[in-house]
Structures are given as structure tokens and as C-alpha cells.
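Next come the chains, spelled out residue by residue.
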Amino acid sequence: MTLDTTTAKGAANRAAPVAASGDGAKRRPPPLLRSASAGRVSGLTLGVVVLWLSLIVLLPLAALTVTSFSDGWSGFWAAVTAPVALAALWTTILVSAVVAVLNVVVGTLIAWVLVRDEFWGKRFVDALIDLPFALPTIVASIVLLSLYGPNSPIGVELNATRWGLIVALAFVTLPFVVRSVQPVLIEVDRDVEQAAASLGASNWTIFRRVVLPTLAPAIISGGGLAFARAIGEYGSVVLIGGNIPRETQVASQYIQQQIEIDRPVNAAAVSVALLAISFATLLILRFFASRGQEREEKAT
Amino acid sequence: MKLSTPSRIALRTIALLYLTVLLAVPIVTILWRTFEPGLATFWASIRTPAAISAFNLSLLIVAITVPINVVFGVVTALALVRGRFPGRRLLSGIVDLPFAVSPIVVGVSLIMLWGVHGWFGGLANLGIQVIFGLPGMVIATIFVTLPFVVREVEPVLHEIGTEQEQAAATLGASRWQTFARITLPAIRWGLTYGIVLTVARALGEFGAVIMVSAGFPGVSQTLTLLVHSRYMDDHNVHGAYSAATLLMFLAIVTLLLMTVLDRKRPAAQSAALPATIAPAPTPDPAEDTPRSAA
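Protein chains in written order, with this note's numbering: chain A, 1 to 300; chain B, 1001 to 1294.
I should point out that these hints are in silico values taken from the structure, not numbers from a laboratory.
C-beta: ideal position from N, C-alpha, C; glycine also.
Warning: the hint list may mix true and false statements.
Heads up, simulated EDC-like pairs for lysine to aspartate or glutamate below, C-alpha to C-alpha not over 16 Å straight-line [stated by the list, open to error]: (1) Lys1002(B) with Asp189(A); (2) Lys1002(B) with Asp117(A); (3) Lys1002(B) with Glu193(A); (4) Lys1002(B) with Glu118(A); (5) Lys1264(B) with Glu1159(B); (6) Lys1002(B) with Asp191(A).
Quick partial rundown of chain A residues pointing at chain B, CB under 7 Å, derived from the structure [claimed, not checked]: (7) Leu44; (8) Leu46; (9) Leu51; (10) Trp52; (11) Leu53; (12) Val57; (13) Leu89; (14) Ala134; (15) Ser146; (16) Ile166.
For reference, chain B alone in the conformation it holds in the complex (with noise of 0.2 Å):
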């Protein structure tokens, strides 16, 4: 099917004016409104000590989750691809429901089974604060952000088989040894897109944060948490734009290495970044297979 060449440049020109309008305008115009009041406001904006506890605490909570879903992912991907027992792929489709889920009914979900009224709600009287805590926090970006690993790692694991590791522990190699000379480095790349994908999720994520914060400025704000607040709390829309501009260079970060790391991934796999990085269920890599070679 070959367009004449008006077509083609009227079509052209429908896609990147509606990119123009939808993407690139509003970036542009953030980005201008950020830095027209000059390099040193948007440095202060910043640099206010309720914007540095809240990078402190979104940091502090990806140090928190980023180990917690690696062990916990690994494992997962292992037992699911390894493992041959009964309602296998019942677990593999309960890894997928936190793409399936709102942040909001996170949230929702969260305060009924840890808050003072849900059925964890007896903590409190231990003097553990889960909701409104930190601990709610941290478990709500563990519960947004599990699929990342154990998604990534997965297909890695399908991939290289049992071969090598059954070698190294007919030479006698311990199972703590084989996983860690033979599994681990194979895996690594996987494990490392997997990670990207947590950590760019994790700073991110805001509807189920904000449901199971308290919301204290330079307490329990996250940077996400900060730019709602300085917008709506305190109408202070250039510090929001600040705050907003320094995410979204964390984003294209981001981004610039997911790329570079994708080109290190096997091959078949690079059809799924779109789907890995948004809250949508991925088809099972045994599904999308044929699909993709078909």
C-alpha cells in the first residue's frame, strides 16, 4: 500500500501535531515556567528543608523496598518457573494483580487490613503505626512495584534452563554456591531491568502513598506527596513545578537507562518494555511467545 505524498505528509502532520499538543508543548511549558524565575529560585525551591525531607524519605523508602522485592522477586520467579505443583498458574496470576489494581484501592485495600479498625488493626496496641507510618508506605510501594522483578527475571531464568546448574552441583557445588556463581551473573541483566523499573515505580507512585500517609510536611511527604501538597495545600504553584521538573528528570534518568540496559537483554524480551512499566497485567511470557514469533 503505497500513499501519495500529500497522504502521507497529512498524516504525518495529524501525529506530531497531536503529539506536539498532548506531549511536547506541556513539557516545554513546564520547563519554562520552572526556570524563568531563574536557576537560583528553582535551586531554592528545592533546596527548602520540606523538599529535602521528602527526596530523603523517597529515597529512604527505595532502599527499603528495592532489597525487599529483589530477595522476594528471585525467589518468586524461581519457584514459578522451576516449580512443578498444583495452582502454579494461580500464582503466577496473583504476581500480576498489582498491574490490575488502582492505586487508590491500594490504598483502600491497605487501611482495611492494617489500619487501627482492619484485621491487623491490633499492631497499634504494640505501638507498631502501620497506616500513617512509615511501615503503610513502604507496603504500599512493595505492593505496586512486585511484578517488576519477578517479571523481569523470569524469561531470563526459562531461558538458561537447569543444565548449568545441574553441572556444577554433580562437581560438587553447595546450593547457596551454584546460585551464586552460576544463576546470579546469569540473571543479572534481568535483575537489573527489574530494579530500574522498581526504583523508577517506587519514587513515582502516588495514589496508594497518599491513601496510607499522613501527609506531614518534612515528616511523612514523599516528593510525589510534596508536589500535590504545594500545589493544592499551599498554592505555591512554582514550588510545585520545581518539585514536579526534579521527578521528571529522575523519570528521563530513568529512561536513558532502561534503554541502554535494553539493548543488554536478550533479544525476545524488548517487545515488553511498554508493558512492564505500566500498571497493566503482562501476558505470561509462555502466552506471549508464539504471539510474537507468530
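Okay, chain A solo, but in the shape it has when bound (with noise of 0.2 Å):
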């Protein structure tokens, strides 16, 4: 809830150029159809979808907020910085930071590849780019193990290692920077690129100085989502991460062994944790996004 209201302002402010695009609520209907009553939402329905949206999202997520602090801040802070728990958050940290790097990095590359590249079977690649968001994280969990799991064909074994929840992660975040830089990539004037060209500069200095900056919002954004679901991400790390405490340990196990054991308070702690992190990295790319929208509307 918090990730919209605060850019509410800004998101107001920018609707009145928008209004053309095809924001229909917006835009008020001419005043000779305002009197008719289809189209309008009457209270019943508007009663049906908030007691609908606080039964199933709203109050599950308050009862975990309130058990996290039933033995008051004290409880909750003690919950959340017990060394197994912190050692959990930290490599939960540590590991969707550098999956979120080397999707940035190899993400762009793909979608550089795909875009700016003819071969054969392109097609099939780019089809294959979305099978991670499609397949079932366990599932993802059992491809990857039946390669780098134990008996691993080719010899490498990475099950209950960091490697290998790094390479769980990258399997199922591939899609996010690749998605969301093609479309940048293909709608980029190409024009500039050539002018740069033309002027001399290197194809280093064009990429750094003209594609990139064009690229960054996208890249970032991805990135940014990449990091969020990685934060959080159980089904796919479950199997090959190995469950080991301080090590291999990421949040969302420790929770659910927390659960096991019947600890529900520090397991409401954490997860209130795992909440605040991933919600303050969706305000940060929505503040990123607005703020580019805007210089890009000074521009225009």
C-alpha cells in the first residue's frame, strides 16, 4: 500500500500530460453522461472489494505484524538481530546483491545480443529467456540439482554451497533485466549512435556516453526487481541451498524452521524484516522511475 500512495503526488502532477495516452479514470466523462448510472460503482461493490482485499491481503499481514511485536520492540529487536537470524538476513543480502549484479551485467549482454544480433535460432533463445517465470520454483530447484546437484553429471557439485544458491537465484530472476531492456533497445534512436560515430568516438565511448544513459532506468529497474524477488525467493533455493545455519541459511528458511520449531514470534519478526526490506527496495526504484519521468518530461 505504501509503494503507491507515496508517489501519488507525483503520479497526480503527471497525469494531466497524460490524460491522452489512455487514462481513462482520469479523464472526466462529458457532463451529459455523468447522469446516466452505468459504469458507476455503487457502495455495495466498493464494500464487496474492500472487505474482499482485507480478509484475503490486509489482515494476514497484520497479524503478522502485531504477533512480530507481541513481546514488544525489545522482543521483536531481539527476535530480529539473534546471530542465526542476522547471519540468515546477511546472506540473504549478500547473495541477491550479487545475483542482482550479474543480472545487470549478463541481462543487458542478452538483450544487447537479441536485439542488435541475426543468427539462427534467435527466436527460440528469446522464447526460452521467459521459461523461468513460468516454470514452478521446486521445479527449478530439481533442474538445477539434477546438473550440479549430488552425482552431478559433469562433476560439479554445488548443492549446500553458496554457488549454488547464487546459481538457484540467477535461474529464476533471469528474465527481469532482459525484459526490461529489449524494449528500451529497440525503440532506441539509432541515429544519435551514428552521429557519435560519425564525430569519431570509439564504440566504448558511444556505449558508455550514449547507450547506456538511455538504457539505465530500464536496467536498474530490473535489477531492482531482480534484488526484491531474490530477497525473498524459498521454492527454488530449498533443495539446493542446503539449510545450513550461518551459511547456506537464507531469511526465508530460517522463518520456516522457526515455524517448525514453534517459535511464531521470531518467525513473525523476520519476516516483518524480509517485508521492510524488499517494500523500501520497491520505493526506491518507484522514486527512481519518477524522477527520470520527470526529467524526461523537462525535456520534452
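Quick one: dock chain against chain with the hints and give me the complex.
Structure follows, in C-alpha cells:
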């Protein structure tokens, strides 16, 4: 909920020039039609929607937050800063950051190859990119274990190591950067690149000064989404990670373990910490996106 | 910017190598390991009583989740698009929340609300067991799939506007007639797409469901839980590979369906494809339009 409200003002300001591009809700219907009853939302409908969203989404999260503070602020703090919990949170953030950076570099490269290069089988490769989103996470885990697990046919055993975590998270987050950079790269105005080249700029300079600034918002947003996804991931790391406390145990595994040994307050507190991290990531992304948009509007 | 042929080929090689090591080889390996002992062995391992019951339970959860999500999803989308009320953006943000919440956190939250010691723990006295029962698994699945129908129907509703509905109302159609004859046909492809996404996620959900399931083989195991328990508890590696391969086939069928359906939807929506499958917040379409148009 916080995701939207903070940018609400910026969005409202932006809405004025945007209205033409299809934002129907903000466009007032002509006065004649406004009196007609069709297409209006009754109070009953609104009540049903609010009740539904509260029951399914808000109440569980409220119950979680209240439980995490049931021993007061100090209880919450003690649960989050318990050595094993802290180690799990640290492993999660570290591994997710590595995966986000990996995605930023390789994802941009893959998007580039898919847009600017031509080779046999390109469409198949392009379709393959979506596979990690379509596969259930537990299947991703098993798929990677069949190659990188015990009795690996190529002799690379990554299970129960941090490398195993990185491979699993890189697998499930692969599409984020590729799919956010690809459309921008297709739309890029290549005249600017040609102009730079004709003025004697090297390829590296053109990439750094012309292409990269255009792609940066898409790269940052893709990388941020990959990070947010990796932070909360469970299914894909549960089998390959090994769940070794202080080494490969990630926060979601720690939470699951605390529920199993009947420590609900610990589980709730670390859950709230995890939620706070992913909300913070998404808020920062929103901030970047709205700032980039404002700059774009000033330029036009 | 024109790359020389060697550097272009070098980039291409790096990209393809990465995809091969990360995606292609593992998938080929699991297929090989699944079918190496023969098709009959594969068939036998997905026809065990526990596997059949898991398959049925997964289908049952999908069969309950989809209609609920369709009804409440369409109503929510209508309210968000047509409604002019304070807090509309807040409501829209709440719809996106499930994308931002880790599946494990979903499970823990549901335990805190519906569990025996939770806020609604009193239900257990009435003989209604939510957590460690089918209702819990269904509620968990509804939580994680809630945004799909809303987010796919919303942009279509924006696009069609209300002119036709108002015309129908002027001509004397009842609210229900207007909805069935005008609104529903207009949103059908967006709705279908949302349903496909919901089915895929419902079949594949693992983290949220394992937290609220008792996990007894043959009773409360879904297909994803079967994969996990075969690998972890039974050390039946081939059985886990077989069940995972079955799920993979279902996922690929979904992917193909989505590609076909994607062509039927308005072009502006296609770009949102990856964002909507992922459990990450989809930007509000109202905000997304200017960015993709720029």
C-alpha cells in the first residue's frame, strides 16, 4: 500500500499531460453522460472489494505485524538480531545483491544480443528467456540439482554452497533485466549513435555516453526487481541451498524453521524485516522511476 | 554503433554460453534423467496413489481458486477503473501487495491469522480447520494469485470506456444485461489471460502452500509438495524428477497458451508480459503508459 501512496502526488502531477494516452479514470466524462447510471460503482461493490482485499491481504499481514511485536519492541529487536537470524538475513542480502549485479551485466548483454545481433535460432533463444517465470520454483530447484547436485554428471556439485544459492537465484531472476532492457533497446534512436560514430567516437565511448544513459532506467528497474524477488525466494533454494545455519540458510528458510520449532514470534519478526527490505527496495525503484520521468518531461 | 564481427561473435558466444549453462543443460539433464530408465518407469512413478492424489489436489485447488479470483478480480478491476472515491490509489496498491511478499511470509501471515493461536483461531472450536487443511491451501493460493485477473482486466476496462454501456442502459438494458452483453465480451481476452496466469501460479505455488499444509502423502500434498517430499523425505530422486517433469510440461503448455493469447490482446499490453508473471509489483498501468510511449 505504501508503494503507491508515496508517489501518488507525483503521479497526479504527471496525469495532466498523460490523460491523452488512455488514462480513462482521470478523464472526466462529458457532463451529459455523467448522469447515466451505467458504468458507475455503487457503494455495495466498493464495500465488497474493500472487505475482500482486507480479508485476503491486509488482515494476514496485520496479524503478522502484531504478532512480531507481541513481546514489545525489544522482543522484536532481539528476534531479528539473534545471531542465526542476522546471519540468515545477511546471507540473503549478500547473495541477492550478487545475483542482481550478475543480472545487470549478463541480462543487458543478452538483451543486446537478442536485439542487435542476428543468428540462427534467435527466436527460440528469445522464447527460452521466459521459461524461468513459467516454471514452478520447486521445479527450478530440481532442474538445477539434476545437473549441479549430488552425482552431478559433469562433476560440479554446488548443493549446500553459496554458489548453489547464486545459481538458483540467477535462474529464477533471469528474465527481469532482459525483458526490461529489450523493449527500450528496440526503441532506441540509432541516429544518435551514428552521429557519435561519424564524429569519431569509439564504440566504447558510444556505449558509455549514448547507449548506457538511455538504458540505465530499464537496467536499474530490472536489477531492482530481481533483487526484490531474490530476497524472498524460497522454492528454488530450498533443495539446492542445504539450509546450513550461518552459511547457506537464507531468511525464508530461517522463518520456516522457526515455525517448525514453534517460535512464531521469531518467525513473524524476521518476516517483517524481510517485508521491510523488499518494500524499501521497491520504494527506491519507484523514486528512481518517477525522477527519470520528471527529467524526461522537462526535456520535451 | 557498429561492432566488428569478432566482438559481435564474442558477445553472442557469452550470452549463449550463459543461457546454455544456466537453462538449457540443466533442463536437458533432468529430461534425460527422467526418461533414461524408460517411459514405463516414468509413467509408473506419476501413477502412484500418492502422485494421483497430489495431481487431483492441485486441480481441486485450481478449480476453487479460479472462479473466486474471476468474480472478485473483475469486481475489483471495475471498482478501480470506474470508481471515483478517496483512497483509490491505496486500494490499487493493496492489489499489488501479494507480488511484493515472499511466499514464506504469506504462509506465516496466514498462520498468524487463521491458525489455532491466531486471530481467527476460534474457528477451530467450530470444527473448521483452516491451517493444515484444504481451506488454508486455497486461501494461500488466492493470496498469491490475487493480482493477476485484476491487473489483466484493468487496462482493457480503461480502453473500452463506458460509452457502449451507457448506450445499452439508455436503451433499457438492466445492469446485469449490460454486463453480460457488453462488458464481459469486451474483457474476455484480458480475463482469459489473467486466468491462465492464475492457473499457472496456482499449480506451481510452493512456499506459501507448504507452510499451511499438513503435507501427508496421499491427503494434503499438491504436486509441488510431492516433488519436495519425494526428494527430501523419501530420497526417491527419480520420483522427484518425474513429478518435476510433469509440472514442467504443464508450465510449457501455459507458456504456449500465453504466447497465443498475447497476440489476441491489445498491443499496448504485450510489453507487460514478464512483469505480470513475476511476483513483483507491476507498475500501475496509468503510470506505465507514458514510459512505454516515450
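Here is how each hint holds up against the structure:
Distance restraint check for Lys1002(B) and Asp189(A): the Cα-Cα separation of roughly 14 Å lies within the 16 Å cut-off, and the hinted pair is therefore satisfied. Restraint check for Lys1002(B) and Asp117(A): the C-alpha separation of about 11 Å stays at or below 16 Å, so the hint holds. For the suggested pair Lys1002(B) and Glu193(A), the alpha carbons sit about 9 Å apart, so the restraint of at most 16 Å is met. Our distance criterion of 16 Å between C-alpha atoms is met by Lys1002(B) and Glu118(A), whose separation comes to about 13 Å.
Under the criterion of a C-alpha separation no larger than 16 Å, the hint pairing Lys1264(B) with Glu1159(B) is consistent with the structure, at around 15 Å. A threshold of 16 Å between alpha carbons decides the hint, and for Lys1002(B) with Asp191(A) the separation of about 12 Å falls inside it, so the pair holds. Interface restraint check for Leu44(A): the shortest CB-CB distance to chain B comes to about 10 Å, outside 7 Å, so the restraint is violated. Because the smallest distance between the Cβ of Leu46(A) and any Cβ of chain B comes to about 6 Å, under 7 Å, the interface hint for this residue holds.
At a threshold of 7 Å, the smallest CB-CB gap from Leu51(A) to chain B is about 10 Å, leaving the interface hint violated. Hint status for Trp52(A) relative to chain B: holds, with the closest Cβ pair at about 5 Å, below 7 Å. For Leu53(A), the suggested interface contact is upheld, since its CB lies about 5 Å from the closest CB of chain B, less than 7 Å. Annotation: Val57(A) was flagged as interfacial toward chain B, and the flag holds, the nearest CB pair being 5 Å apart, inside 7 Å.
Checking Leu89(A) against chain B: minimum C-beta separation of about 12 Å lies over 7 Å; hint violated. Proximity of Ala134(A) to chain B holds as hinted, the smallest CB-CB distance being about 4 Å (cut-off 7 Å). About 4 Å separates the beta-carbon of Ser146(A) from the nearest beta-carbon of chain B, less than 7 Å, and the hint is met. Given the 7 Å rule on beta carbons, the hint for Ile166(A) is violated: about 11 Å separates it from the nearest Cβ of chain B.
In the structure shown, a violation is registered for the earlier hints numbered 7, 9, 13 and 16, in ascending order.
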